[in-house]
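S.K.: Here's the letter readout for the chains.
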Amino acid sequence: MSDLKRTQLYDVHVAAGAEMVDFGGWEMPIQYPTGIIAEHLYTRHACSLFDVSHMGRLLVDGPERVAFLQHVLTSNVMALEVNQAQYSIIPNENGGAIDDAYLYRFEEDRFLLVVNAANTEKDLAHLMTEVKNYDCTITDITADWAAIAVQGPKSKEILTILSGGEQITEPVKNALNTLQLEGRTVRAAKTGYTGEPLGYEVYIKSEDAAWLWNRLIELGAKPAGLGARDTLRLEAGMPLYGHEMGVDPDGKEMPIFAVSLARFAVSFSEQKGDYIGRQALERQSAAFKRIMNRDFSDLDVLPKRIMPITLLDRGVMRAGMPVYRNGEQIGWVTSGTMVPYYRSEGEGLATKILDDTAKRAIGTAYIASDVLTDDIVEVDIRGKRLKAVIPPYHMRVDAPPFARPILYKPDEEAAAADTGNRAAKAVELLRKATENHEWRQKQCINLIPSENSASRAVQLLCASDPAFRYAEHRKIKSFYDQDVFYYQGTKFIDEVEQLLVEQMKEYLGCSEVETRVISGQMSNMAVFSALMDWKNRLDRKHTPQRLGYVMNNHIIKGGHLSAQPMGALHDYIAIDPVTERSAVVNFPVCKDNIYKIDVEETKKLIDRYRPELIIFGKSMVLHKEPVAAIRRFVDEQNIPTTIMYDMAHVLGLVGDHFQKPFEEGAEIVTGSTHKTFFGPQRGIVGVNYKKEDLKYGLWETIESRAFPGSVSNHHLGTQLGLLMAAYEMNTFKDEYQRNIIENAKHFAKCLKAQGLDVAGDPSIDYTETHQVIVSVGYGCGPEVAERLEENNVIVNYQATPEEEGFTASGALRMGVSEMTRFGFEKEDFAKLAELMADCVLRNKDISGDVEKLRAEHTEMRYCFNDEEMRDAMGGLLGQIGL
Amino acid sequence: MNFPAELKYSKSHEWVKMDGDVAVIGISDFAQDALGDVVFINLPGEGDSVTAGEAFGDVESVKAVSDIISPVTGVICAVNEDLADAPENLNSDPYGAWIIKVENITGQEDLLDAAAYEALCAEEG
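Residue numbers (this note's numbering), protein chains in the order written: chain Y, 1 to 882; chain E, 1 to 125.
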């Protein structure tokens, strides 16, 4: 093998006893003495290292680099921001793949293109020909930098030891970062070829490669070879050039769209211009859409597709084996082997991954495009036809930190509905509801920050007669904007609603309030819908334009679900033609406090993007939002925008102790009325537009998007209850809000003193709101929250801004509002902190102590409770018949 | 690597142990090491005839598939069915994990003794 090339890590592999083979002209480790199965499994449950230094690394530099890359790649290079990477394909004119590649933008003005080792020469020859027409250069830096893939659930923890605690990259796929690992500069990418939800590819100067490799092994990573790399990528459903791309066993070129994943790598954006293969790819895309809609009338352009395949009979599929359907050959297996996996037990979030392992014969196949998921096929394994099935996928990665194998299971028939004794079930339901009520109201310490308990008066009103009525109404211009009700018998409801509007105007400090929305999410939808409608009000003859740039808090930085494109913004936000993603811009956060918006950086982004809408507000919230600073900035700069504050979590804190949104310059406030605001579950919209303002029209549009836009029946029972809660809030808010914030700060300090890891800024006692966030270790949030629930403490496990999602949560999010309302004072929170530390840190049973502490506080405060009130409640209770 | 002296070996890396008139057949330590993790074995049936120099089954590792060549001609009188569920035993215990037993032997390949086989492996190594 003397003419083979060697990577910077060759000696390290040989010293570790690796079996070296020729791979694309490189002498590479296929496996280490542990073997492929052990290496595969170690990647899935801990962390493996892969030497990927053999892959071609090409630096693209020069003024026309973007135009050049747009021409030779399928992806939209303009969409790539600094510190982002994207998957791409190098197409030929026929819409086939010369290679697949990853494009990295570590620096403002240069791109790094990483290609397959075996194709580097071919790619370079092609790119060198094409680059002649552009003012830019390609430099092969394969020898200057080594590349180590660090993959698996422990990868982040291990690398973070070397970075001294600095975040390796943002916790999202394809994020990049340049940082120091023990004093050596590396470029890290949250990318990989194993399907691991936690995995990085780290680029390091050649001379430091062996050092990094050895340090990672000292910290618990193990080396893995090309064998495991192949079984891992196969299980993850990732294509390999020469198998799922390139030419098929008949020598025919496979179209790029044969790989479903490829559609994310192909862009037809205007920015791309007339790139290589564009026309062929557009034909493929049209064919792909037909096939996805199960229109198989024209399969000429895309006769076969790459699909996962699972062997049902015993055996092993290999690349090249023919696949049959009803006796007719429909294609071939493109990759196949036996892949190991860890067995698991339990369901849902409680799924436990066991030490016990098993294997399954899986692969990918290039087969007729009219084959559907769950279809049964046959694979010819050396003359024997064995039964196989097309599964939807082999693995999923949407529950980090683990990649989860998905074993093929045909759908089970639904169990027959239980039609037994319903009268007995009715009694049972009441009994269970009673038990639950007692547990949550008298025995549990409720620390969910988005919940509260309503007073008895509120609860009673919610159950009274209006709960079963209708009261649609609308302002009519002919009657000088008087509300007209569509139903009779609604005078009381009309009066209640007008009183509620007045109470909420007083509370929020604004000119107009809409109370008919029945949830916080609906409040946001009504506002977004109104903004879009108002934007298009002068042109009703075209399809309305969606909202352009919208600035919000990213969901992983604590942003509300209901202010995201995946939530209430979904149908109202435009697709940015440059990035081809939702036109959302996220507030940047402070480097030293990820819970706080970085105002100066925000100003730069506002200046650059000119967002139509700025949405403040979070669901994981420790700080005031910088409404006043941003209002000042957009006014000074004369930037036309709308500033909205989604106060869902902090609606009950509006006032002197927290924020007065309208005084600070918010135009619209939305919220839910049952979090810190202790009313029934509803929504609210307040605006501060005056009749003479241009944007008063926007307010009127919000009203019509509430009714008839969002609700017909606006849940009159809870509206009545909300009026009582508003009376209580306007009467007791000063004391309630002050106590909440003092209690939260005290609780945070006590938890810290007890040895728990409290997030936030210690100089302000960690929090300015009702919330306290405690880190309990990466991925441990669900387990710790479950343990606390068994001990009668109800908290919310939550991913911090550095974590990958809720299944990987390492934090508990808690709020003090409900227990403050039940009369908890500082010493009670101190006692609670001590108990929680016992449970979280020392695994002690605290259930009895919790019940005892809770039993001392069952009388609700901050509500009316005099004799006259009790008499009146008794009257209503009697009328309801209880 | 282990080359038990009491066994005979074929050039295609099977081992044979004569137990009276019955030949017990498996794959060698060298073979299992070269294959890597064995994940599947295709076993013949009891009563099948085998011919010296011809394949009677195959063994699959993660990486590849290999035929298992019979060193003798005869009739299979026993099959180690345990291997169907635990093919990895071929890796962990290649000389304990026999594959088939053959009786009515009428012919055999030229087999090597342990020393000659070890030399062959060193050459291929």
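Any given hint could turn out to be false.
Computed list of chain E residues with no C-beta within reach of chain Y, every gap over 12 Å [claimed, not checked]:
1. P4
2. A5
3. F40
4. D82
5. P87
To give an idea of the interface, some chain E residues facing chain Y are shown, with a C-beta separation under 10 Å as derived from the structure [said to hold, decoys possible]:
6. N42
7. E46
8. S61
9. V62
10. K63
11. V65
12. V79
13. A84
14. N91
15. D93
Hints in this document: simulated from the structure, not taken from any laboratory. Glycine residues also receive a C-beta, built at the ideal position from the N, C-alpha and C atoms.
S.K.: If a hint holds in the structure, say so; if it does not, say that too.
M.R.: Hints and how they fare:
1. Every CB of chain Y is more than 12 Å from the CB of P4(E) (nearest about 22 Å), matching its label as outside the interface.
2. For A5(E), the requirement that its beta carbon stay farther than 12 Å from each beta carbon of chain Y is met, with the minimum near 26 Å.
3. The claim that F40(E) is not at the interface with chain Y is violated, since a C-beta of that chain comes within 12 Å of its own (minimum 5 Å).
4. Look at D82(E): its CB is around 14 Å from the nearest CB on chain Y, clear of 12 Å, so calling it non-interface holds up.
5. Listed as outside the interface, P87(E) is inconsistent with that label: its C-beta sits roughly 9 Å from the nearest C-beta of chain Y, within the 12 Å cut-off.
6. Using the Cβ-Cβ criterion of 10 Å, the hint placing N42(E) at the interface with chain Y is satisfied: the shortest such distance is roughly 7 Å.
7. At its closest, the beta carbon of E46(E) sits 18 Å from a beta carbon of chain Y; the interface hint therefore is violated under the 10 Å criterion.
8. At a threshold of 10 Å, the smallest CB-CB gap from S61(E) to chain Y is about 8 Å, leaving the interface hint in force.
9. Using the Cβ-Cβ criterion of 10 Å, the hint placing V62(E) at the interface with chain Y is satisfied: the shortest such distance is roughly 4 Å.
10. At its closest, the beta carbon of K63(E) sits 6 Å from a beta carbon of chain Y; the interface hint therefore holds under the 10 Å criterion.
11. Interface restraint check: V65(E) against chain Y, minimum CB-CB distance 7 Å, threshold 10 Å, status holds.
12. Given the 10 Å rule on beta carbons, the hint for V79(E) is violated: about 15 Å separates it from the nearest Cβ of chain Y.
13. Because the smallest distance between the Cβ of A84(E) and any Cβ of chain Y comes to about 7 Å, under 10 Å, the interface hint for this residue holds.
14. Using the Cβ-Cβ criterion of 10 Å, the hint placing N91(E) at the interface with chain Y is satisfied: the shortest such distance is roughly 8 Å.
15. With 10 Å as the threshold, the beta carbon of D93(E) stays out of range of chain Y, its nearest partner Cβ sitting at about 15 Å, so the hint is violated.
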